[in-house]
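Asks: Following the hints, put chain B in place on chain A, whose structure we already have.
So the sequences go chain by chain: A and B.
Just so we're aligned: 171 in our numbering is position 171 of the first sequence, and the numbers increase by one with no gaps anywhere.
Just so we're aligned: 143 in our numbering is position 143 of the second sequence, and the numbers increase by one with no gaps anywhere.
The set of hints was computed from the structure by calculation and includes no laboratory data.
Idealized CB from N, CA, C, for every residue including glycine.
Heads up, some of the hints might be wrong.
[Stated by the list, open to error] Just some of the chain A residues that point at chain B, by a computed CB distance under 7 Å:
1) Asp-140
2) Ser-159
3) Met-418
4) Ser-443
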Amino acid sequence: MRPMTGAASSSPRTLAQKLWDAHVVPGGREDGSAPELLYVDLHLVHEVTSPQAFEGLRMAGRRVRRPDLTVATMDHNVPTRGGVRAADELSRKQMEVLAENCRREGIPLHQIGSRRQGIVHVIGPELGLTQPGMVIVCGDSHTSTHGAFGALAFGIGTSEVEMVLATQCLPQRRLGDLAVTVEGELPIGVTAKDVALGIIAVAGTSGGQGHLVEYRGSTIAGLSMEGRMTICNMSIEWGAKAGMVAPDETTFTYLEKRPHAPRGEVWEQALDYWRTLPTDAGATFGDEIRIDATSLTPYVTWGTNPGQVVPVSGRVPSPRTDTDERALRYMDLKAGTAIEDIAIDRVFIGSCTNARIEDLRAAARIVQGRRVHPKVRALVVPGSTTVKRAAEDEGLDLIFKAAGFEWRSAGCSMCLGMNPDILAPGERCASTSNRNFEGRQGSGGRTHLMSPPMAAAAAVTGHLVDVRELV
Amino acid sequence: MPDPVVKVEGRMAPLDRADVDTDQIIPKQFLKRVERTGYGPFLFFDWRQDPSFFLNQARFDGAAVLVAGANFGCGSSREHAPWAIRDAGFRAVIAPSFGDIFRANAFKTGIVAITLPDSQVRHLIDLAAEDPAARIEIDVRAQQVRGEAGSGFAYRFELDPFVKECLVEGLDEISLVERHGEAISRFESSRMAWLPSVNGTTG
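Isolated chain A (complex conformation):
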């Protein structure tokens, strides 16, 4: 076991500092002219950002240092019906290249059609691969999701993917600590997604830049792991490098008995260690954002970045910047329009932000006994094949299908539209995903971000609506 001593451990530390300290490979330059070398416990890989990294490795005559700490899945461009044959030629090629790279290097792969395939940030936690105290990276900006377990997890580019494949390490500079403290009871109808959107409304699209964020306070402690994952997932949408939550009994209960979780005596040892991870009393953060949970409400984005967000009871705001004006034009909205007067064409319930079992349950509760509005086409894409099976075991698929939703197979799907699930130009979508950028869900498509119950409510009413009117 790695000793927990050292100069840094004598003074109070934050969770992020503890995670960082425990992963620095000693022996780098000591004059500060080079970054520290961080050891990576788990490297998640998918088909879109890895082929060039494997190619680079091969051209340099290198091998993957730790295939046993590397796990691959197919998610970004997999079709959600019709299997691999439904994929376009380039997507199929990317999946084949990933399979070939994994075969050559001995990397476990959850390929399309297999039992545990799914979105990379959904399968890591559900397989118990994501554990407190780890450093986790992936060539995907939503890797911050895994921080919900008290892990240091962040997205990297393809060159860094190649670095980690080759060395299992990443040169990194220490970053500032930022606390986001959310206190109080969430009002009825307000979900973790609304907490995330509410934070971005306060912090702006770049408020987290250059920071490791710890979400804390009674509201966060009261959330399920699914809810914590949703909030950590959205960290990148306000620019943070990583977001995390201190591990606690909720974390341990979620993890226990998952396929890769420690067992028996080792489980007890792990628990002892994990309990040392939360931020020490007296540790200081560089900065803090405080949010009163009782002031939060169901939110909806009106524009083309996640900071352009208003309460569902509000109106499209008057533009204050060129960016706002561009967004209004792109979204074909007029300032002053009531949000609830905005009609929609499509609904997407899915993505690494909101496609876990709890999200599907919350949406199904709204959908039950209702019908999708005749002008709306609505899609549910479970975050993983495991989530899909669990939902079917509970009969959620029947609720969605009876209401007129399409019930699909797992993948990133319409969150980024690399597979056949895309918006047509001009179509307006109520979406549980994470980005409302121009064209994100399809060229010319218009995205409104919201929680799963809110998206479900939009599906059955045909317009953006306060879900609290339906419960």
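Replies: Chain B alone, transformed into the frame defined by chain A:
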């Protein structure tokens, strides 16, 4: 080995917008290639459908430096974004701030991503719009953006000393880390016993 980047010299192209996300820089339908090159024609694919977009203006042809608004490159981790910028002929991007992942990716691609205060970026955007023939020089060693002789400006920028060393020496970072192979092995032998490890079975 990457090519050393010591100086970038040339004309500027202005993109006077904030929060330019990587989905705009290179839309997802172009992320399906398995190569590192060939993305240039797809740079700002949706925006360049507008004839007045800067990439469609002959006066900005051949510009070496893209000057943009705050939070440039926010959003996804796709390194295809700096690849597309490089393939389209740019060697540097100047903005008041960058998405962290984009900035790291840019340097690894040999694109110099420079942060300058709002007022200086505004000056460069205005200068490029008024006089597309105006040239600037980015001196990576001196950490300066300079106008042509007589233009009278020289803006200093911050640069991580290690990033700078990698750029000007054209260092292969992986080789540098591999030199610590023994230290990495020692670290590995002391990792917690329960940490997950997965053998290469495919499902």
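Asks: All the hints need checking, so say for each whether the structure fits it.
Replies: Hints, one by one, checked against the model:
no. : hint    : verdict
1   : Asp-140 : holds, 6 Å
2   : Ser-159 : holds, 4 Å
3   : Met-418 : holds, 5 Å
4   : Ser-443 : holds, 6 Å
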